[in-house]
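Colleague: Going down the list, the protein sequences come from chains P and Z. Under the numbering used here, the first residue of the first sequence carries the number 42, and numbering increases by one thereafter. Under the numbering used here, the first residue of the second sequence carries the number 180, and numbering increases by one thereafter.
Residues from chain P shown here face chain Z by an in silico Cβ test under 7 angstroms; the list is partial:
id	residue
1	Arg118
2	Arg119
3	Ile123
4	Lys129
5	Glu145
6	Val146
7	Gly148
8	Ser150
Derived from the structure by calculation, the hints contain no laboratory data. All figures in this text were calculated on a predicted structure; none of them were measured in a lab. Virtual Cβ for every residue (Gly too), placed ideally from N, Cα, C.
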Amino acid sequence: MIAFHNVSKHYNDQKVLEDISFKIAPGELVSIVGRSGAGKSTIIRLLIGEEKPAKGRIIFGPHEVNRMLPSELPALRRKVGIVFQDFKLLPTKTAHENVAFALEVEGRSQPEIEELVPQMLDLVGLADKGHLFPHELSGGMKQRVAIARAMIHRPSVIIADEPTGNLDSYNADEIVKLLLKINELGTTLILATHSRDIVNKVKRRVITLDDGRIIKDDPHGDYIL
Amino acid sequence: MATTFFRIIKFGFQNFARNGLLSATTVAILVMTLLVFNGLLMFGVISKSAIASLEDKIDISVYFSAGATEDQILSLEKALESLPEVKSADYISQDKALAIFKDRHKEDEAIAQALNELQANPLLASLNIKAQSPSQYQTIAGYLDSENLKGIIDNVTYGENRVVIDRLARIVDTLRGAGWLTTLLFAAVAILVTFNTIRLAIYSNREELGIMRLVGASNKFINGPYLVTGVIYGVLGGMISLTLAAPAIVLASPYVSIFIPEVSLANYLLVHLPQLIFYHLAVGVTLGSVSAMVAVRRYLKI
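Bound-form chain P, shown alone (with noise of 0.2 angstroms):
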């Protein structure tokens, strides 16, 4: 369970977020919608302990994330797998090297790695293709190596920050035919957007954000964008 309790969050006197509650039960699909600046990606910052809240509670199934200390945070972020649009892949390691990557800072060991990495670049498509360098690949390919990255510690959520904000509308679709496909493996799934397309072709639970205030919750898809 996911829970924002009134929470609010300033930039020195700029408001970012006001009074934001919202729940999220466990294998949901929600997309939280607004245009450049409504507050989405401080929804998931502050989901993740990066930043802390102004006021209000964020619940993250037992932890109350606010109060947790930077020492506990590494433990958390491993119970969340998070892509972004611009993949954030590093550039010397290969696509392989970067899913194992997150195993390798976890401290797992390195015949675990090798056993775990190939599984996960095959669920995203990409068995054949470990050995590349990120240069080497479409960026349709760059995100799934990202969600592989993401869904390597087998996280009991994802959050999708813009994943499809730097694709075609080809692989455009194959990310989000990707992403609800984990969910429907009982992944929690949070998708941050201004994409109509992709909340169009989702139609679950849609947020809707606007100047740091939710203006719409709606369970059937219909959002104000």
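Please build the complex by placing chain Z on the supplied structure of chain P, with the hints as guidance.
Modeller: What follows is chain Z alone, placed relative to chain P:
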């Protein structure tokens, strides 16, 4: 746990290699600092031996007036030997002093003739006193200065020696102070350069660090490699500086021995090599790791 430890070390070496030129500069500065430190250690050895050698040559010679009887001198010798500060007191009678003098100048015809022409022995009886430690000569000199001995003592040769030794000790102290100051100055420069190198490494790795955080790397996994890099700088600095210093010490050794025969720097190096390796590594690693720790605390906000 062991896997994480080895990965932290691996990433530390990667940081070192990725910033090759900066790493080389940092190690060079650490080497210079440690060479100055090494010079200070050698200066300490030389000056300590030089002062010890000079101090070993100090004694107090008490010359007795012609009227002093042998009984009075022997009784003073006994009294002096009972003092805890006195290591030895050797009585040299007038006759013995003359015999020593004659032996010393047996090649000199003029002196031999002059002595033959003299009716009486012109030399005075004396006591040569050695103290347990150089600092105790002052106490012994004070004892000899007492009123009841003034009638039998002609003069005491202590003051002149002391002035020379004290002056030498002051020069050594000043040079040592200047040496420490230079070492500290170099250490400060080394810390700043290492700090800056680590800061630049953090800056150039910012993308990787962001991803590490994102995938849930622990704080020690993020910080650790930079501390390892600092330690690598220190270990390399220590090893290189000692590798450069050792042949220089061996080469300088015979020249130093000409001035101070008691000092053999080559021998000192041989005997104290394990300690010298430890000192160089300890100072190098301390400088490297402290700088890295400060840079990590300052620039790696987790």
